[in-house]
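Taken in order, these protein sequences are the chains called A and B.
All the letters of the first sequence, read from the start, carry residue numbers 1 to 351 under the UniProt record's numbering.
All the letters of the second sequence, read from the start, carry residue numbers 1 to 351 under the UniProt record's numbering.
Some hints here could point you the wrong way.
Copies of the same chain look alike in the list, so a pair counts if it fits in one copy or across any two.
When the alpha-carbon atoms are kept at most 25 Å apart in a straight line, the in silico SDA-like pairs for lysine to any residue are as follows [said to hold, decoys possible]: (1) LYS95 <-> ILE325; (2) LYS95 <-> ARG290; (3) LYS278 <-> SER243; (4) LYS95 <-> PRO242; (5) LYS94 <-> ILE339; (6) LYS143 <-> ASP233.
Worth flagging that the hints you see were computed from the coordinates, not collected in a lab.
Number of protein chains: 2
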Amino acid sequence: MCHTCQVTTTDISRPVCILGLGLIGGSLLRDLTTSGHAAFGYNRSPSAARAARAEGFDVTDSLEDALRRAEEEFALIVLATPMPAIDALLHDIKKYAPSCGFTDVVSVKGKVYELVKQHGLEDRYVGGHPMAGTADSGWRASKNGLFDGAAWVVTFDHALDTRPSQSWIDLWIDVVHMATRVGAEVIPARVDHHDAAVARISHLPHILAEALAIVGDNGGTLALSLAAGSFRDGTRVAGSAPSLVRAMCETNHAALLDALDETLTLLQDARANLDADKPSVGELVDAGYRSRIRYEARSSSRSGSTSGGSVHSGPGSDMSARPVIRFHPGADNWVSQLIQAENVGARIEVF
Amino acid sequence: MCHTCQVTTTDISRPVCILGLGLIGGSLLRDLTTSGHAAFGYNRSPSAARAARAEGFDVTDSLEDALRRAEEEFALIVLATPMPAIDALLHDIKKYAPSCGFTDVVSVKGKVYELVKQHGLEDRYVGGHPMAGTADSGWRASKNGLFDGAAWVVTFDHALDTRPSQSWIDLWIDVVHMATRVGAEVIPARVDHHDAAVARISHLPHILAEALAIVGDNGGTLALSLAAGSFRDGTRVAGSAPSLVRAMCETNHAALLDALDETLTLLQDARANLDADKPSVGELVDAGYRSRIRYEARSSSRSGSTSGGSVHSGPGSDMSARPVIRFHPGADNWVSQLIQAENVGARIEVF
Numbered sequence: 001m002c003h004t005c006q007v008t009t010t011d012i013s014r015p016v017c018i019l020g021l022g023l024i025g026g027s028l029l030r031d032l033t034t035s036g037h038a039a040f041g042y043n044r045s046p047s048a049a050r051a052a053r054a055e056g057f058d059v060t061d062s063l064e065d066a067l068r069r070a071e072e073e074f075a076l077i078v079l080a081t082p083m084p085a086i087d088a089l090l091h092d093i094k095k096y097a098p099s100c101g102f103t104d105v106v107s108v109k110g111k112v113y114e115l116v117k118q119h120g121l122e123d124r125y126v127g128g129h130p131m132a133g134t135a136d137s138g139w140r141a142s143k144n145g146l147f148d149g150a151a152w153v154v155t156f157d158h159a160l161d162t163r164p165s166q167s168w169i170d171l172w173i174d175v176v177h178m179a180t181r182v183g184a185e186v187i188p189a190r191v192d193h194h195d196a197a198v199a200r201i202s203h204l205p206h207i208l209a210e211a212l213a214i215v216g217d218n219g220g221t222l223a224l225s226l227a228a229g230s231f232r233d234g235t236r237v238a239g240s241a242p243s244l245v246r247a248m249c250e251t252n253h254a255a256l257l258d259a260l261d262e263t264l265t266l267l268q269d270a271r272a273n274l275d276a277d278k279p280s281v282g283e284l285v286d287a288g289y290r291s292r293i294r295y296e297a298r299s300s301s302r303s304g305s306t307s308g309g310s311v312h313s314g315p316g317s318d319m320s321a322r323p324v325i326r327f328h329p330g331a332d333n334w335v336s337q338l339i340q341a342e343n344v345g346a347r348i349e350v351f
Numbered sequence: 001m002c003h004t005c006q007v008t009t010t011d012i013s014r015p016v017c018i019l020g021l022g023l024i025g026g027s028l029l030r031d032l033t034t035s036g037h038a039a040f041g042y043n044r045s046p047s048a049a050r051a052a053r054a055e056g057f058d059v060t061d062s063l064e065d066a067l068r069r070a071e072e073e074f075a076l077i078v079l080a081t082p083m084p085a086i087d088a089l090l091h092d093i094k095k096y097a098p099s100c101g102f103t104d105v106v107s108v109k110g111k112v113y114e115l116v117k118q119h120g121l122e123d124r125y126v127g128g129h130p131m132a133g134t135a136d137s138g139w140r141a142s143k144n145g146l147f148d149g150a151a152w153v154v155t156f157d158h159a160l161d162t163r164p165s166q167s168w169i170d171l172w173i174d175v176v177h178m179a180t181r182v183g184a185e186v187i188p189a190r191v192d193h194h195d196a197a198v199a200r201i202s203h204l205p206h207i208l209a210e211a212l213a214i215v216g217d218n219g220g221t222l223a224l225s226l227a228a229g230s231f232r233d234g235t236r237v238a239g240s241a242p243s244l245v246r247a248m249c250e251t252n253h254a255a256l257l258d259a260l261d262e263t264l265t266l267l268q269d270a271r272a273n274l275d276a277d278k279p280s281v282g283e284l285v286d287a288g289y290r291s292r293i294r295y296e297a298r299s300s301s302r303s304g305s306t307s308g309g310s311v312h313s314g315p316g317s318d319m320s321a322r323p324v325i326r327f328h329p330g331a332d333n334w335v336s337q338l339i340q341a342e343n344v345g346a347r348i349e350v351f
């Protein structure tokens, strides 16, 4: 990056070490390697590690080897395992890579940040969450381009909780650059705000898809034979691996309860109106239509339209409908700029 | 059709007159005309009628003209208007086309059959419902191929309620042939069974999509900015015209209430389990996953796979995952064969 001419770059100042090579970790390794940035990985499964090596990637099935190498090369470590493995990994990072900064890609940020604090690692951690699909999983599902145009949340609570060190700010910049380098759009968000938002737009959709799949199935073979687009789309994510759906929803239970309660109120009101003398779903349907149209207007450019809604257009981001806010991390007002970006769901560019 | 050699044909014995040229009626007119079968139409809007004529279709904006011509040519009349227009059309059919048989494409069959009975037209009516999308509407949304591989429900209650006339059986055969001719797969179902099934797999998905769209939107711009595939797919049909969604759901309110109550029970149980000391959505997620997998197995061939699940493979239907039952309408056991087909959601072929 160039602070003088304010040209945006996506240079990451250090190698990247990815722990866990499933859909997200594997795709990240592919994109970074393809783009020419030094990246290596660890996968617990020797056969998956072998498969990755056979494709020419720099991968080991020894966690200790990966972490010792990360420490030697001062790598940026990415925790790309499911939630249940995070606690043990933090322990190992302290032991084998005591100087490295790290980020994660877990879909719930509150619980991870809690563990990071328990291990006293706040000054070495920046939370992350790429909004990329989970219906398929494992190294074999990984691919180049998975993050293209996707939102990648980067958290910044540590900059509010304390005056962060320069090394933390440098780490934060590198996490932003890594996400940008693989084509994602970085949306800053605080841990709690992130968790409340994804409960609504990611975890709740899973819960409703599961319920719809069951009620359709209860209709027997006639119902399944008649099922068309609305049922197919409405139940698609019920095909996600149950363990992944459980990990997301249960880890984020408090925020998901709020979203679910709002949904139950809407559905109970609709039920009452359907059961009235003059059955009506007008209130629900009119409000739902308005909401969907608002969402479509916001996301139209992301789904292939060429009309741009950007305040500014950054390099390679002509298609984005998200406004962009450019700023210099560490400058006096940078945290308030981050909060401003969070409030409007803006993507950021750093210089 | 050839009763001796039992070869299946899709010959319709009379011209087709389509009343209402929206997505369904317009697409039907296109496909029939393209396939070389005589078909003409009526549309209330003079500008849409003109647009159809400009494309070379045989279309008028005079309902009386269309019905008088149908009577002269002994055409099969298709009611392709929304539910609210049906009652008036039945009145006009009695007046201007007193000899013609007719079918409809309304997504709820109980209410239409009730009106048909009120008008004393049971022996001239066979109910129909093509399971084709409703997110876009109007003549401009119509297209060739809309019904390709889609289920097209044909009702048969009249054959249970009474011993039907030969002219009703001939009408029933022509309705089946019309649906088959435009590429649809005919699923026989009784009115009540149809309405219960579509409440689960078509109307409930709309209700859940509306609720999800609202709860996501309530999360503000951060939530909408983070929304990805699960929210996009889960809310897609909330973009349907509110008047069409209301007409479907409100007309089928009794069956929809049953489906909605099952859903509310599942969601309330999930809520209780999420709020427990050890939050869990395991029960819901495991059952939802199994249901979705069952649906995928049943519909895999329909969505592009080449593996066939047919008991028999009929002409042009190699891709179908639905079992097929072949029989001769009017034969001694034909109604029990229809019930058997309904029970397993089978498509039928007549000879």
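Here is what the structure says about each hint:
1. LYS95 <-> ILE325: Neither: 38 Å inside a copy, 67 Å across copies.
2. LYS95 <-> ARG290: Neither: 53 Å inside a chain and 42 Å across chains, both beyond 25 Å.
3. LYS278 <-> SER243: between (43 Å within a copy, 16 Å between copies)
4. LYS95 <-> PRO242: neither (33 Å within a copy, 59 Å between copies)
5. LYS94 <-> ILE339: neither (31 Å within a copy, 68 Å between copies)
6. LYS143 <-> ASP233: Both ways: LYS143 and ASP233 sit 23 Å apart in one copy and 22 Å across, limit 25 Å.
When the structure is compared with the earlier hints, violations turn up for hints 1, 2, 4 and 5 and for no others.
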